[in-house]
Structure formats: structure tokens, C-alpha cells
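Here the protein sequences come in this chain order: R and P.
Residue 213 in the numbering used here is what sits at position 209 of the first sequence, and the numbering runs on without skipping anything.
Residue 286 in the numbering used here is what sits at position 108 of the second sequence, and the numbering runs on without skipping anything.
Calculated directly from the structure, the hints in this document are not laboratory data.
It is possible that part of the hints are untrue.
Some chain R residues near chain P, calculated using beta-carbon distances under 10 angstroms [as the list claims (entries may be wrong)]:
hint	residue
1	A26
2	G36
3	W50
4	G52
5	R105
6	L113
7	L119
8	P124
9	G129
10	A133
11	I161
12	L197
13	L198
14	F271
Chain P stretches covered by chain R per the calculated footprint, using a threshold of three residues with CB under 8 angstroms from any CB of chain R [said to hold, decoys possible]:
hint	stretch
15	272–286
16	297–303
17	415–422
Even glycine gets a Cβ: it sits at the ideal position worked out from N, Cα and C.
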Amino acid sequence: MEENQQSRPIAEKLWSAVVWLAMGFFVVNVFGVIAHVVVSSFATRWLGTWLPAGWTARWYGAAWSEFQLDDVLISTAEIVLAVVLLSVVVGVPAAYALARREFPGKRVLMLLFLLPLMVPPITYGIPLATVLYQVHLAGTMSGVILANLVPTVPFVILVMTPFIEQIDPRLEQAARVFGAGTLKVFIHVLVPLLAPGILAAALLVLVRTVAMFELTFLTAGPDSQTLVVALYYSVFAAGVRAVQSVDAMAVTYMVTTLVWLLIALRFVNPTQLVTRVKEQPRT
Amino acid sequence: MTSGREDPVFDRTVLLVIPGVLLVILLFVYPFLYGFVLSFEPREGGWLQNYAKFFTTPYLYNTIATTLWLALPSTLVNVGLSLPIAFKMRRPGSFQRIVTTILVVPITLGTVLVAEGLLGYLGPQGWLSRLLMETGLLSGPLRLTHNYWGVFLSLVITGFPFAFLLILSYITGIDPALPQAAATLGAGPMRRFTHIYLPLLAPGLAIAFCLSFVQAFSVFPSAVLLGAPAGPTRVISIAAYQAAFEDYDYSMASAIAMIMGIVQLLIVVAVLMARGFLYRGPAGGGKG
Chain R
5 MEENQQSRPI AEKLWSAVVW LAMGFFVVNV FGVIAHVVVS SFATRWLGTW LPAGWTARWY
65 GAAWSEFQLD DVLISTAEIV LAVVLLSVVV GVPAAYALAR REFPGKRVLM LLFLLPLMVP
125 PITYGIPLAT VLYQVHLAGT MSGVILANLV PTVPFVILVM TPFIEQIDPR LEQAARVFGA
185 GTLKVFIHVL VPLLAPGILA AALLVLVRTV AMFELTFLTA GPDSQTLVVA LYYSVFAAGV
245 RAVQSVDAMA VTYMVTTLVW LLIALRFVNP TQLVTRVKEQ PRT
Chain P
179 MTSGREDPVF DRTVLLVIPG VLLVILLFVY PFLYGFVLSF EPREGGWLQN YAKFFTTPYL
239 YNTIATTLWL ALPSTLVNVG LSLPIAFKMR RPGSFQRIVT TILVVPITLG TVLVAEGLLG
299 YLGPQGWLSR LLMETGLLSG PLRLTHNYWG VFLSLVITGF PFAFLLILSY ITGIDPALPQ
359 AAATLGAGPM RRFTHIYLPL LAPGLAIAFC LSFVQAFSVF PSAVLLGAPA GPTRVISIAA
419 YQAAFEDYDY SMASAIAMIM GIVQLLIVVA VLMARGFLYR GPAGGGKG
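Next up, chain R with everything else stripped away, as it sits in the complex (with noise of 0.2 angstroms):
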């Protein structure tokens, strides 16, 4: 003890200081980029100087008919309301079967539901568009929502697995004494127990979901883009249009993606977003 008093105040003062300015200045700077992206859709011209010569929102008006933005949001709304509920349907089961039984394979299919996770889009996202270009589902809804399926399914998976694990299997086992068959053990027993679960990992999905882009871009059609897709195909034009009315687009984006972040925060942690599967204490 008397030795790390001597050197707390000098060595640990200045070390602490060196990682807060790090840490400042990446926030300072994530800041900046999102900010000059907000007063750039406002401003009605913008060269040389700290900020804008005037202020307008017309721009929003231009992006919203020069993009179609309306197709577009109604599109992804489609595209990622289907995700989730798929991934929801097909997941949770799957999560209940691995959570509940032991059964020869286990550990194979564990690994199966981690490798879509591990491997980057890009690298599976183009023998996957490959396929659905061959059976004709690339380039409609249908394709990017089977292709956007591959990540969400196993993320429910390894979300719910060990959400449902640390329910207490006597409660369904009590239900089913009193004569309760399958279909009522699930509706008055699994669902209300699931539900907080449940919601978490729609919420997550559906935040992963309006941020992927690779796999969309892969298999999307002109009539099945979501946001971030018809944002990035607004950037590589850049010089077609005003930037200002790009950056109006990139504001929609970033509006919608945070309000669902937002409402995420309410039920999850942040690490959640990264870590996918929140190991379990091995004491």
C-alpha cells in the first residue's frame, strides 16, 4: 500500500489524464462528423467558412422527391418489420430447444449459429447474392429479407439461449402438472416469461437491421432499397446532387437509426449491441 501511494499522485495522475484526452477526443471528433453532417443540410451554401452563410430546410424537400424518399422508407419499413418477425419466429424456438434439451450435436450447432456472426458480410454476402441471383429472389424483397435473415436468426439464438436458461423450468413444469397442454404452457407461461427477452432482441435486430448495409447492397433491386443503401448509392453520385440535399438524406438516416437506438437503451445494455452473447459466469 505505502507503495502505490508514492506513486498515485504523479505517474496514475498523468496516465488517467492521457487516457481522458483520448477518450475526448474521440467523442470531440464522432461529434464533429455528426454535426457538420446536421448544420451541412441546413445551410444554404457552405465554402470556406465555420459555418453556413444562411440557414434554410428546403433541402429536405429536394432529398425527400429528388431520392424518392418515401418508396424508400416504406421499403425498409417493410424490409426490417419482416426481419424482425421472422428472426423472432424462427430464433426463439430454436433458442428454447438449445436452452431446454441436451441432445447428440449440441455444440455443432452452437458453432453453426456463431459462424454467421463471425465471418463479415462481405465475405459470405457474394456467394449469397450469387445463389439468389440463380433461384431469382436478388433484386427483391423477398431476397434481401431472406439475405438479411443469415445475421439476425443466429443473433436471436445467442441473445435468447441463455435468457431462457436462467428461467426456472419447475414454473412450465407446474403448469403442465395442473394439465396445461403444450399450446397453453407456451401462451400463459413461455410468453409473459419471454417477453422482456424477446423484446430486447426484436430491438436489437431491428437496429441491426436498418444499419446493414452489405447485405442489402448485395442483393437489393432498385425497388427493394433500404436507407442506408440509397444513402451510400447518393454518395457515390456525389456531384449529381447538392451535398447539402446528400446530407438532408444522411440527417433522415441518422434520425431514423437513433430513435430506435433510443428506445433500445431503454431495455438493453450498450455492450449488448457488440457482444452478442453475454457469457455466462462459470463459478
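Chain P: place on chain R using the hints.
Same frame as chain R, but now just chain P:
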């Protein structure tokens, strides 16, 4: 445990896993195998023609070095910065919650938006360049977009929060009684870090490095939008995309995707082997 194995419900419950398994097999495993086979069926030439073409055409094989040159330094920076910062923030509290919430924003926004924002922010007319010029640190505008640095910085902006949150979750998983015990026995902060935390963190750090690297190696939108996709940032995913959607040569595209996967796998195996080599012993047994 208490449920009887003879229970007739047993088999039916296991069946619930089937839709999920089918989906992953049909949409993930099958396309991978299909792509693997397709990569050996080139449009012309022998069965290895695609791979031969890739490794003899500088325009193609150079993409591996280009991608590694972006992915390795940015991963090192992201993991290297995350470790001390996450370590400082290991105690849970409202402050930790605020920082993690802020950091989750760039991840959620995704690479396309970050690239779009960085184009303006880092551009010659952007705030960063302006600040450096007006404080006299720089005489001309900063050139950070449409080159290597733009893509590198976009990999840091989205990659650092990812590595940070991952490493933070590993650090908070360490039982605080262990470093406390070491402190009681007279270990200073430095020794506690190198002798307690680091060995316990080694598996987590290796996984964080692998996941961050694999993400950085598959960089695509920012390399196109923020880099110089014809030259210094022509990464391997651009080559694969062009083969598939510009030349419509799906066989070649699959071959490039396979090569991409193999390079990622090689680095991951190298990292995991290095970790086994550096830290061996009971401390590494956190995760199976």
C-alpha cells in the same frame, strides 16, 4: 435434469431447432459451398484458372496487401487504445453507462453514414482542417479524404467503439477480488495489471483482435466513398464486388471471396496460436 428422458415431449421440443438450422444451412452453408465449387469452374481455362489469374495479376493480388495495410494498423490502434481506456472505466456506474452509450452511436450509424460525415468533416473545407489552419499548425488544407487516411480514420471511428465495448465486457467480467487479493499481498498497479488482468484478459483480447480485424479486413463502403478505390484503397472486397457486379463473372467473384475468407482465417489462426504461445496455464480457461 428432473424431466424424464422418456418424456414423449422430448423429441418434439428438439424439433423446434430445425427451422433455424435449415435457414443457416440453406442461406449460409450452402452458398459458401456453392461459391467454393463455383470458384473452380472458371469461365475459361482449367479448374484453377481463377486462382492462377488472381495471384498473377498485380491489380488483383495487390488488393491483399492493400487491405492488410489498412486492416492491421487500424485494428492495432483500436485494440491498443481500447485496452487502457476500458481498463480505466472498468468500474460500473452512471459514467460508464454514458460513455458506452455515446460510443454505441457510431457503430449503430454504420460505415456508410460515417464515411459520408467524414467526407465533409475531414475534407479540405471541413472543421478539422480549418481549425489546424487557423491555429497556424498547418499552412495548407489537410488532405485526409480520397486517400489512405480517410479510410483508416473511418475504420477507427467505427472500429474503436466496437473493440472498446467488447474489451470492456471482458474486463468487467473479471472478479475484482483477484486484483484486491494481489494488492493485499503488496502488488502495485503495474504488477496487478501485468500479472492479474493481462493473463485473464488474454483470451478476450485475442477474440477482440480477431473480430476487429475481420471487420476491418472486409471494409467496403468507406473504401469506395472515402478512399481512392482505383488505387491506394482498392481493397479486396472492391475486387470481389467488381468481378460479380461489373464483369458478371460470379466464378471469379466467388474465388476472390474465398481468398478473402482464407486470409481472414489465417490471421485469426495466427492470433489465436500466438495467444496460446504467450499465455498458457489455468488463467486462460475462462471460455471454452
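These are the hints, each one checked on the structure:
1. A26: Hint on A26 (chain R): holds, closest Cβ of chain P at ~6 angstroms, below 10 angstroms.
2. G36: holds, 5 angstroms
3. W50: holds, 8 angstroms
4. G52: holds, 6 angstroms
5. R105: holds, 5 angstroms
6. L113: Since the shortest Cβ distance to chain P is 6 angstroms, the answer is holds.
7. L119: OK, holds: L119 (chain R) within 10 angstroms of chain P, min 7 angstroms.
8. P124: Result: holds, 4 angstroms to nearest chain P Cβ.
9. G129: It holds, given that the least Cβ distance between G129 (chain R) and chain P is near 8 angstroms, below 10 angstroms.
10. A133: holds, 7 angstroms
11. I161: Status holds, d = 6 angstroms.
12. L197: violated, 16 angstroms
13. L198: For L198 (chain R), the interface hint is violated, since the closest Cβ of chain P sits about 13 angstroms away, which is over 10 angstroms.
14. F271: Where the cut-off is 10 angstroms and the nearest Cβ of chain P is about 13 angstroms from F271 (chain R), the hint is violated.
15. 272–286: holds (count 11)
16. 297–303: Coverage by chain R holds for the stretch 297–303 of chain P (4 residues, Cβ < 8 angstroms).
17. 415–422: holds (count 4)
In terms of the numbered hints stated before, the structure departs from hints 12, 13, 14, listed from lowest to highest.
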